[in-house]
Amino acid sequence: MKKLLQNRTVKFKIMVYNICIICVIGIIFSVTSYVTANKKAVQLAQNSVEYHVESISRYYQEVYEQMVNLVLNCAEREMFDLSSLGQLDTVEEKRRGLDYAKLAANFCTVTGYGDYITRLSIFDDNDVHISAGTALSSVDDGRRIQNAPWFDRELKKDMYDYRLDLVNSPFYKEVGMTIPIICKNSGYKDSDCSALFLSPRLYLDRLKEDDNGNTMLVTTYRGERIATLRESENQKEESDRLIDSILRREEGRGTWRYQINGEPHLVSYNKESQSGALVIEIMDMANLKNDSLMLMQTVGLIFISCVLLGISMSFLFTNAVRKPIDRLVNHVGRIAKGDFSQEESLESQDEIGLIGKAVNSMSSQIEQLMDKRLEDEKEKSSLEIRMLQAQINPHFLYNTLDSIKWIAVIQKNSGIVKAVTALSKLLKNMAKGVDERVTLREELDFVRDYVTIEKLKYVEMFDLEVDIGEEMLYDARIVKLTLQPLVENAIFSGIEPGGKNGTIRIRAYEKDKCLCVDVRDDGIGIPEEKIPELLNHSEKLKGDQMSSIGMPNVDRRLKLIYGEEYGLSVESQVGEYTQITVRIPLEY
1 MKKLLQNRTV KFKIMVYNIC IICVIGIIFS VTSYVTANKK AVQLAQNSVE YHVESISRYY
61 QEVYEQMVNL VLNCAEREMF DLSSLGQLDT VEEKRRGLDY AKLAANFCTV TGYGDYITRL
121 SIFDDNDVHI SAGTALSSVD DGRRIQNAPW FDRELKKDMY DYRLDLVNSP FYKEVGMTIP
181 IICKNSGYKD SDCSALFLSP RLYLDRLKED DNGNTMLVTT YRGERIATLR ESENQKEESD
241 RLIDSILRRE EGRGTWRYQI NGEPHLVSYN KESQSGALVI EIMDMANLKN DSLMLMQTVG
301 LIFISCVLLG ISMSFLFTNA VRKPIDRLVN HVGRIAKGDF SQEESLESQD EIGLIGKAVN
361 SMSSQIEQLM DKRLEDEKEK SSLEIRMLQA QINPHFLYNT LDSIKWIAVI QKNSGIVKAV
421 TALSKLLKNM AKGVDERVTL REELDFVRDY VTIEKLKYVE MFDLEVDIGE EMLYDARIVK
481 LTLQPLVENA IFSGIEPGGK NGTIRIRAYE KDKCLCVDVR DDGIGIPEEK IPELLNHSEK
541 LKGDQMSSIG MPNVDRRLKL IYGEEYGLSV ESQVGEYTQI TVRIPLEY
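Here UniProt numbering is used: the first residue of the sequence shown is 1, the next is one more, and so on.
Rather than coming from a laboratory, the hints here were simulated on the basis of the structure.
Some hints here could point you the wrong way.
Listed below are the simulated SDA-like cross-link pairs for lysine to any residue, each with C-alpha atoms no more than 20 Å apart in a straight line [claimed, not checked]:
1) 380 to 536
2) 184 to 151
3) 425 to 438
4) 157 to 76
5) 39 to 28
6) 457 to 499
7) 40 to 421
8) 372 to 564
9) 455 to 509
10) 455 to 410
11) 418 to 457
12) 102 to 139
13) 39 to 255
14) 380 to 480
15) 184 to 125
16) 236 to 262
17) 480 to 585
18) 184 to 154
19) 323 to 355
20) 425 to 445
21) 236 to 286
22) 425 to 464
23) 94 to 65
24) 208 to 114
Working from the sequences, and respecting the hints, build out all of it.
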């Protein structure tokens, strides 16, 4: 990533960062949305399956209750008197038998499930019976029912907690399974019974009516299948284990995930407490894959839309940022080429605008510094010209002074010899230029030659003392003609006006990696308010001074060469002393 962004524009970097952020947010949002929606889809499927099972179970319970009530009505009401039918030999007995049969048929019809009632029979042990239903009737139906192996078991069941069983049909030419509900009649002979046989087709038709594409199983409390829907042959073995597992459960209902043939399925069941009927729905979780795929496609589409929208917004944003940056870069380029004009359009209240303000300020300061530099160079050149103008042709002076010296030697005048020798050395040093850097030793020799001449003029009115802190400082470099104007100022402005003998002390030392030289006199001193005038450039020099440099020019020259933080500083006390300190970088 770092290599990718190297040497790239800010626009490209911002777009990459924005796209990365948008992608990360989009991925997090998409994954979270997918997981959440997928969980909700599974939960919704589970709720749907549970509701479907409960709805079917409720229907079967309603049918069960009506069938039990129908049998109880036939058994407890004294409306079917089988003893009054005899052997159906008389017309009256036959008519009464037909009336009973119609009444039984009406009972079946009223329930609304008449098409599923295989047989409703009221019979005794004398082969007298009344029947109605969809199965063909036979004279020996009563005997067939009583002789069935399951008859006694069904007869002993509690009608208010009647558990349904699936049995073979006992009727003539009726092949298949049926669900019996049998009860002893009250008020008649002990052998009279009422029996209802319900077709398992009722359960299957209900499953088909509410078919939702899942596997459905309806069993008795013993696990016998009453009806199934979409149960494949290779699934039966697993279904048997599932049914057995549910029957062992104490809970009347439940939903959980179950592996069938290695595939995940969602199983929901409901056990009726009275009838014992068990309704099971098995949903293949693979059916949710289509929904998951559609959900994934939707989330993916949303993610792509967000990324495209983010890229568009990022492009607009980077353009909005890039324009002021481009203007800023162009302006800096113009500054690099020497155009220091300011551009107000760069300035605003945002971060880039603040940078623009800083660049404009920098441009203005650079322009001011360059103008100042030009002025300084002009001033320096002017100063050098003035120094050159102040110089006398050295060769002419050397020859003249040499002639005077030998005349004085011949006349044995040592004072003139000493003065001429000192003046000759001074002129030689001045002829080399004023900006040459010499050692402190050479500069002090120059000062001593100058003092020698001045002592002749003032008849030993002052003394010169030199104190160098360390021997190595003699080799430190200093601009020539730096100390002479300071000594000259000490003579003319400090000692001479006092009218008495004085002392000029020169002290050199190192401080903070700088060379410091103090020139101190014990003359009349300077009032505090006049100290700034000493270094004022407008100072008028006296005509009898040796050079035309002066203290202001010395200070200015040092600042031009070394920088504004260097130069001269003045300290004085009226009647006591005046001290001028030179501070320059320590160089060897």
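Q) Do the alpha carbons of residue 480 and residue 585 lie within 20 Å of each other, as the hint requires? A) holds, 15 Å
**Q.** Straight-line alpha-carbon gap residue 418 to residue 457, limit 20 Å
**A.** Within the cut-off at roughly 13 Å; holds.
Q: Assess, step by step, whether the Cα of residue 425 is no farther than 20 Å from the Cα of residue 438, and give holds or violated.
A: It holds: about 15 Å lies between the C-alpha atoms, which stays within 20 Å.
Q. Given the hint that residue 208 pairs with residue 114, does the C-alpha gap stay at or below 20 Å?
A. holds, 19 Å
(Q) Can you confirm whether the C-alpha distance between residue 425 and residue 445 stays at or below 20 Å? (A) Holds, at about 9 Å.
(Q) Need the status of pair residue 102, residue 139: alpha-carbon distance at most 20 Å? (A) Holds, at roughly 17 Å.
Q: Could you grab the alpha-carbon distance between residue 184 and residue 151 and see if it respects the 20 Å cut-off?
A: holds, 12 Å
**Q.** Distance restraint between residue 372 and residue 564, which requires alpha-carbon spacing of 20 Å or less
**A.** Roughly 12 Å between the alpha carbons, so the hint for residue 372 and residue 564 holds.
Q. Are residue 39 and residue 255 close enough, with their CA atoms no more than 20 Å apart?
A. holds, 15 Å
Q.
Hinted pair, alpha-carbon criterion (20 Å max): residue 323, residue 355. Please report holds or violated.
A. Distance of about 14 Å is within 20 Å: holds.
Q) Quick one, are residue 157 and residue 76 close enough, alpha carbons at most 20 Å? A) holds, 16 Å
Q: For the pair we were handed, residue 184 and residue 154, check the Cα-Cα distance against 20 Å.
A: Holds, at about 10 Å.
Consistency note: the structure conflicts with the earlier hints numbered 7, 9, 10, 23.
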